[in-house]
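Based on the provided sequences and hints, a complete structural model is requested.
In the order they appear, the protein sequences are chains A and B.
Under our numbering, the first residue of the first sequence carries the number 1, and numbering increases by one thereafter.
Under our numbering, the first residue of the second sequence carries the number 1, and numbering increases by one thereafter.
Since the hints were made in silico from the structure, they are not lab data.
Incorrect hints may have been included.
Stated by the list, open to error - The calculated label-pair distances, taken between Cβ atoms and stated as ranges, are:
#1 Thr114(A) x Tyr77(B): 52 to 60 angstroms
#2 Ala247(A) x Leu160(B): 14 to 22 angstroms
#3 Glu207(A) x Gly137(B): 34 to 42 angstroms
To be verified - Some chain B residues near chain A, calculated using beta-carbon distances under 7 angstroms:
#4 Met1
#5 His49
#6 Gln86
#7 Arg254
To be verified - One side only, chain B facing chain A, incomplete, derived with CB under 7 angstroms:
#8 Ser5
#9 Ala9
#10 Arg12
#11 Pro92
#12 Val93
#13 Arg192
#14 Val194
None of the values given here were measured: they were computed from a predicted structure.
From the three backbone atoms N, C-alpha and C, an ideal C-beta is built for every residue, glycine too.
Chain residues, written in single-letter form:
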Amino acid sequence: MAVLEARGLSKTYRRGPAPVRALDRVDLDIDRGRLFAFLGRNGAGKTTFIKIAATLLLPTEGELHLFGHDVVREPSAARRLMALVPQEGKLFYHMTPREHVHEYLRVRGVSAETAKSRTDTILDEMGLLPYQNVIALRLSGGLQQRTLVAMVLATEAPFLFLDEPTLGMDPFARRQVWQVIRKATGRGSTVLLTTHYLDEAEQLSEELAVIEGGHILYRGTGEALKSTVGREVRVQFTGDVRPEELASFGKVFAERGRTVVLTTRTSVPELTEFAFARHLEITVGPVALEEAFLELVGRGIEEEE
Amino acid sequence: MSAGSQAYAALRICYFNGILPLWRSPLLIAAVFLTPFSFLFFLFVIAPHALFPYGVVGGILFTALFTGSGMLNDCAYLRLERQLQQVFVASPVSPLAYILGMALSELAFSLPAMTLFVIILFLVTPIGPLAGLGLVGLLLLTWLMATSLGFFISTLFSQLREIWPVGTLVFSILSILPPIFYPATEIPADWRWVAFLAPSTFAAQLADRLAGLGGAITTNVPLLNGPLFDVAGLVGFALLFGVAALYFARWRER
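Take a look at the structure:
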């Protein structure tokens with residue numbers, strides 16, 4: 001059952017010299033208990049969508065219902081069911097992680113006993129116990145972000161909007177956050193996540209959408225998106241090699257001084273022999289979501305042009 | 001959330017946004033004291049001593065009005081710089097509970113200075129219990145008016161840099177230029193009407209009356225000369241700014 005339903009959702013910003021169409025007739029359904037990821041470049045429309053859904057921004061056209069409540073006409077009813085990690089949110093500088101989580105729960109009407117127990121649990125799960133009584137001013141950026149995410153996940157709200165929740169976190173902290181997010185969906189919460197970390201989207205989401213220029217270019221599973229590339233293997237060469245020499249094996253491109261070929265499994269032995277013969281360093285791995293994303297977004301831009 | 005829960009949410013916001021920072025950084029109290037005490041000090045040094053009680057009343061009102069400036073800056077900072085207002089918007093906390101909580105935090109910041117000025121006032125001019133109660137009511141109304149205005153203005157801008165000069169301008173016009181630290185009768189007769197464009201003039205005239213000080217503006221219309229006119233003026237402005245804060249403030253971006 002869809003708990004978020006967007007129909008023809010559009011947003012045009014009229015602040016600058018020319019109007020900017022940030023969302024263009026977007027239709028989207030998200031089912032209860034799903035972890036849905038929104039992928040897209042900066043300015044693609046991800047945050048605009050979240051802001052409208054989280055009742056922070058009015059759409060120009062279209063409708064969005066959250067648990068059946070129209071977010072424009074019945075914002076109070078929708079707000080009762082949600083919590084949000086805003087993009088680049090920061091903490092109250094004078095408060096500790098424990099105070100942030102506990103006070104936010106109390107403000108939302110959670111009883112003292114439940115707030116205390118949930119605070120203890122989330123601080124433990126997010127690895128924040130050693131810093132629980134340190135004021136935010138003295139916490140690193142990653143710990144501050146973890147606290148903000150802890151605050152919101154502790155609400156156990158039926159719908160969680162997480163706008164780049166792991167921004168600035170180290171890989172260990174990110175994995176800790178992933179676990180807590182998975183636990184939230186296991187409990188029945190629905191999560192809408194935006195991220196620039198494609199590995200994060202791949203690890204976490206059951207379903208994702210790629211948005212570009214306010215349009216949804218793709219919607220489905222990460223695996224299905226990867227299969228659209230048409231090649232299963234990514235072969236990377238370090239050393240002196242010209243792209244034309246590899247063109248017959250598949251799609252070739254340069255990346256950070258290396259030459260990358262997206263190809264089929266059957267080509268790997270031949271490419272390995274080629275590398276040995278030319279004394280090139282070779283790395284072979286599966287095609288990642290990143291390739292599929294870049295292919296898709298790149299194609300979208302070309303089509304627009 | 002019930003009305004009781006919303007009221008409790010406001011108190012909680014006051015606790016962690018007002019009382020907790022004061023407790024951890026008591027120097028913040030000095031920041032509120034500094035400007036009105038400087039004005040009072042100058043008055044004490046350069047003005048006839050008969051004007052000193054006006055300066056004390058001015059100090060009380062200034063600290064009450066200062067809550068509006070604090071509200072403007074804090075709300076803008078939490079919304080634009082820290083993105084924390086958004087965390088409260090996307091929650092069961094009502095706009096009214098958030099605004100009230102923020103306004104109470106500002107009151108917490110101003111209360112120590114306000115209390116000290118009230119004590120000084122009691123020392124320099126005798127005030128009866130009824131006038132004392134009236135003064136408390138007047139300060140609460142001034143606080144409501146100033147914080148509503150502060151919140152409303154804070155929602156109109158999308159850049160902190162735009163808000164700071166506007167805040168300074170508005171609250172200087174509200175708390176320094178009107179007859180707060182001096183009797184309204186000091187304003188040239190032809191220009192006295194201008195003073196009534198500022199809600200703080202009504203507050204100052206009322207405060208001076210409650211403190212038993214003269215100096216209220218009198219006109220040929222008897223209805224406009226009594227305290228009721230000042231009460232009506234102040235309530236009118238408080239309602240206007242309150243409605244603006246609740247209904248026209250941009251709780252949600254457009």
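Item to complete: Against chain A, run the beta carbon of Arg192(B) and see if the smallest gap drops under 7 angstroms.
Response: With a minimum Cβ separation of about 42 angstroms from chain A (threshold 7 angstroms), the hint on Arg192(B) is violated.
Discussion item. Less than 7 angstroms between beta-carbons is the criterion; does Arg254(B) satisfy it with respect to chain A?
Written reply: holds (5 angstroms)
Worksheet item: Holds or violated: Ser5(B) as interface residue toward chain A, Cβ cutoff 7 angstroms?
Response: Constraint on Ser5(B) satisfied, holds at 5 angstroms.
Item to complete: Go through the hint on Ala9(B) and say holds or violated, using the shortest Cβ distance to chain A against 7 angstroms.
Response: holds (5 angstroms)
Worksheet entry | Ala247(A) paired with Leu160(B), Cβ distance criterion 14 to 22 angstroms | violated (52 angstroms)
Worksheet item: Does the hinted range 52 to 60 angstroms hold for Thr114(A) and Tyr77(B) at CB?
Response: violated (31 angstroms)
Item to complete: Let me know if the C-beta of Met1(B) comes in closer than 7 angstroms to any C-beta of chain A, holds or violated.
Response: Constraint on Met1(B) satisfied, holds at 5 angstroms.
Worksheet entry | Residue hint Val194(B), partner chain A, criterion CB-CB below 7 angstroms | At 35 angstroms from the nearest chain A Cβ, Val194(B) fails the 7 angstroms test, so the hint is violated.
Fill in: Residue hint Gln86(B), partner chain A, criterion CB-CB below 7 angstroms
holds (4 angstroms)
Discussion item. Checking hints one by one. Is Arg12(B) an interface residue toward chain A, by the C-beta closer than 7 angstroms rule?
Written reply: holds (5 angstroms)
Worksheet item: So the hint says 34 to 42 angstroms: do the beta-carbon atoms of Glu207(A) and Gly137(B) match that?
Response: Violated, at about 58 angstroms.
Worksheet item: Holds or violated: Pro92(B) as interface residue toward chain A, Cβ cutoff 7 angstroms?
Response: holds (5 angstroms)
Hints 1, 2, 3, 5, 13, 14 from the earlier list are contradicted by this structure; the remaining hints agree with it.
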